[in-house]
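Just so you know, the protein sequences line up as chains A and B, in that order.
Residue 5 is where the first sequence starts when you use our numbering, and the numbers rise one by one after that.
Residue 9 is where the second sequence starts when you use our numbering, and the numbers rise one by one after that.
Treat the hints with care, since some could be wrong.
As the list claims (entries may be wrong) - Just the calculated beta-carbon pair ranges, DEER-fashion:
1. B:Glu308 - A:Asp701: 35 to 43 angstroms
2. B:Glu308 - A:Thr708: 46 to 54 angstroms
3. B:Glu308 - A:Ser742: 48 to 56 angstroms
Stated by the list, open to error - Covered by chain A, according to a simulated footprint, are these stretches of chain B (three or more residues, beta-carbon under 8 angstroms):
4. 209-220
5. 255-265
Unchecked claim - A few chain A residues that face chain B, going by a derived Cβ cut-off under 7 angstroms, partial list only:
6. Gly334
7. Gly624
8. Glu729
These are computed hints drawn from the structure, not numbers from a lab.
Bear in mind that the values here come from a model prediction, so they are computed numbers and not experimental data.
In this text, a Cβ means the ideal position worked out from N, Cα and C, and glycines have one as well.
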Amino acid sequence: MKPALFGKYLRLSLYLLLPLALVWIYKYLFGGPKSELISSNDPIAFTQTIPETINYNFDVKPILSDNCYACHGPDAEARQANLRLDTEAGAFGDAKNLSTKPIIKRGNPEESALVFHINSTDPKTQMPPPDSNLSLSEREKQILEKWIAQGAPWEGHWAYQIPKKAALPQTNFTDWAQNEIDFFIASKIQARGLKPSPLAAKEIILRRLAFDLTGLPPSLELMDRFLQDESDQAYERMVDHLMEQPQFGERMASVWLDVARYADTHGYQDDLERIMWPWRDWVISAFNKNLPYDEFITWQLAGDLLDEPTLEQIVATGYNRNHKITQEGGVIDEEYRVEYVADRAITTSKALMGITVECARCHDHKYDAVSQKEFFSLYSFFNNVDEKGRIEYGETPAPFITIDKDIVKEELSFLHLPDSIPKVELMIMEEVADLRKTYTLSRGQYDAPEEEVQPGTPSRILPFDKKYAQNRLGLAQWFFDEKNPLTSRVVANRFWQQFFGRGLVATPEDFGNQGARPSHPELLDWLAVTFRTEDQWNMKAFIKRIVMSGTYRQSSKQMDEVNRMDPTNILLAHYPRQKLPAEMIRDNALVTSGLLNTTIGGPSVKPHQPEGLWEETTSGQGLTQYQPDGGSNRFRRSLYTFWKRTVPPPNMITFDAPTRDFCTVERQKTSTPLQSLVLLNDPQFFNAAKAIAKKIDAETGLQTESEKILKLFRTITLRKPTDEEKKLLNNYFDALLSNRSVSSENPLVDLALLIYNLDETTQKS
Amino acid sequence: MDPLHEHLLNKNRRHFLQKMGLGIGGLALGSLLDPMGLKNSPTAADLLQTGPVPLPHFAPKAKRIIYLFQSGGPSQLDLFDYKPKLNEMRGQDLPESIRKGQRLTGMTSGQKNFPLTGSVFNFKQYGESRAWISELMPYTAKIADELCFVKSMHTEAINHDPAITFFQTGSQQSGRPSFGSWMSYGLGSLNDNLPAFIVMLSRGSGRPNGQPLYSRLWGNGFLSSLHQGVQFRAGKDPVLYLKNPDGISRKERRQMLDYLAAMNEEQEKLFGDPEVANRIAQYEMAYRMQTSVTDVMNIEDEPDHVFQMYGPEALTPGTFAANCILARRLIEKDVRFIQLYHMGWDQHDNLPTQIAKQAKDVDQASAALIMDLKQRGLLEDTLVVWGGEFGRTNYSQGTLTDTNYGRDHHPRSFSIFMAGGGIKPGFTYGETDEFGYNVVKDPMHVHDLQATILNQFGVDHTKLTYKYQGRRFRLTDVAGNVIHSILS
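This is chain A alone, in the form it adopts within the complex (with noise of 0.2 angstroms):
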């Protein structure tokens, strides 16, 4: 065949081709986690089929939120016609002038007045309208239709329902689950006619759970060890041997630190530098030492609060001043101050409650239960500070504690003060002795007050009764109230989020109306319940249940026929394999080349960043030099790199970390050519290889070099090359030599920084 002609055929054909695809790619992308289009007992959607019972809150809902709440929903300001259809009164109730029906009359579609304007094709009446850009698919009407048919059963949202324990699922696989979560998983995989992936390989498994519970790859002894180890509690022992390890409090840390946005500077124009670190080191030390979650979450929310409360406790509610501080000058003070307030009560909504209330700070939630007023009875929480809007250079923003070193060594001993510092000041909270009033604020604007408002919380969630303390300890007691039914399922799906790499819920940040609904809601339920009583908030506790699941120690061995059928592995029929932090993957090749410093703690560090960042950008006030550390506060772990928010570190940003300007709850997951970049060229993994290559090279039990490489590959990876790779491996490593003059450094180099570059070393497998 001509080329040209067989160029005709392929387009012809991918031209057929193309109207099947894009069904297929539709019903594919809608399997996804944020879709909202899942049947309701189905966690992915292989077809278009409509589910024979539907369900209002996963498959009604989602709809009417997406496509109608704006104009017809909880916005009383922006609610057009008079017609909200976010609670029953108003979907069923008469349509007034728009139609003789009913809005929605309960088992009769033709008489139901939503069911005409959804079919309109007349753009007076067609609903959604065409300029609102949003539009229902078939499938969409259908459902809508077909629920209206089945006699429209109305129900609460999901997630303001107290979670309850449910029975666990049948499955046939009892013998593959290894606990409790692991019948709910495998429930839904069965029903799908797959089945669960076996065990992973010991050394597939280790390296998962040790970079989970420490950030960091198991060390070749402790792979060996537990390699040996042929007793049922080989695995048990590696678990509780890594979550005693202190660096399971850097780990643990490293995630909250992205979900409080910590940083070393304050953010705005100048971006001067502030001292939170020794807040940084309560978090891990509050891990290390496992205090329950309630308390963790209490001292950074009220610690100050409590009865006599220990100076630890005061440290811990740094958490609320780690959002931005403005010094630019020629701003309005209480602008911004009024900014600092907001940004804790939409950190701790996001944080706490999964829910995004920042659009309540201007009108009505949109789509969420949340109401201006409600925003701003949150905001009343944090607005008693005495503090400043705008701060000068150099200075502290009160309040503020100072502490020394006999401080340290009386009551923080947790605390890394150098030496070389005699006392630092720490900002932390603290009542104003006559306590502001707080008022509504018109479109949120700082000058605009209007109706005065008292400490409360969104009362769909839970009424913030008077029995509860009014103030930030009586938020804290109103988030571990045993009725408030967010706090526990956010926490549950975050922690399984952090092994997982996906929420339960997709949307850790969004578990109102708009999120995405639980893949496995009795199983989030069953966690959260858990989590709350048997549990007792024990976060070791806790974890330890997840990665002793059997669906946490699957193979992540990806089979064909599950990849087809569930692309996206929503049912974890095999482990996720995912790529690692940002943290992990510098903390990696340090570790594994033996410069890791090790030190816990401390002021934030300056490894080698690329030449002229902090200068270019800078007005020549503050920061404007980056002078990076010598010694070995150059090989500390990434968590205690120095974050300047203007200008991150540049490795760093590019493997994704936020850059925690607010709190951020779950990072992107990207690929891109500049990772690529960082890590073929970046002196520091260039350093470790020189450093692993060196280290292997004076190793004295390796005689050939194929032991070398062998070594090399398996420190590295910790497992040892197929003979493919081995062989790719020696031939690379003849090449490299029959070039020596080209190259005049060890092979092995090279080698390593191979390896350094391989897909594994950057996954999570």
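We have chain A; now place chain B onto it with these hints.
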């Protein structure tokens, strides 16, 4: 935007369909990350990530943009907005009937009076369009008939950080994607070897220690980091980590990448992970970038007359003028969005001395860039925008003397200019009052400018959305109107 479309835009896309001749609206998809090429035959995974994307929404006028951002707030009253009344009333107080309670910054709110001051620089009209331009911008004056001036820009913020963030992201608070990221997300890349969104910085000589910049200004916000602006820098390593470590030659690098690819193919077998292929492709793109970036940054091969056109400073890497030459070279390589930041336009005091230097930094090169693009036939579908985050007050900050004054920030009116990309040349839009304080005719809000620019790319700004935290976000937030009268 529908979720499928959104998903496709944000996903790692491969444009083999286009290469196979299907064509997608004449525009390649993908952005920084589009390295797959035709190495592998089309697979299901490829199909999954490609599709007929309904962008642009209508036929575009422009394909590429150079945004010459003048950071700090250039004084419109000394550059483009000629107000002889201020010279007449020199030293008199700004009437409250004009100020109308306008918020002031903390830097002048304490002043007892607000002495009006006209410009010490002479203004003349230029070209057939009779545009008023001050003597500070002689080269710009010569090309007046190529330019569209907007004298009626206005913004909401009065301090630098929120104002520049507002201009770049449509919101005063940080966290939203920058303009270039939205464009990369919406329209993808036009080339295979360079990022879709490139940023270059230069420091002004008028006020070398003026306002700082922040990398979040070219950040991707909640969009995929595939769409972040990539900073190109003067010096040995024009893109961070671009250069091989010392002692590793390109040939050795190639060899290593070949072995790495072979090893990674083994990975695919071991773990059955279809994404491995994508990550192999990232390495190939990185390798290509090493030459493509180095080539494009090497301006030594430009003929002398080009340097003469852009001015002597163009010989010094890292200057605004040198960055302008680079911008033109990047346009020739079909880079979608090129953003230059020139710092130092914050003239609170000593304005006459400082602004003269600032203007000299940029005048010749800005004009040269526009004419250079025109000569090469590129101006037609390349939009050039020149302007800062706000304007400056018509009264003096600090003491007004015969030869000296300063000006504070002024959000209510300021001037920018544009060229090419389907914008009306030789045209002035909008007007301020005789005090140069309030817009009296045809206002253009920052969101209007953003909407208008997107419009030139065939994008309806109300439809370029991304759903994040349950809400559909836009560059133009909930506002913005396309200003049709400046379109040619």
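Index of numbered hints that the structure contradicts, given in increasing order: Failing hint: just 3.
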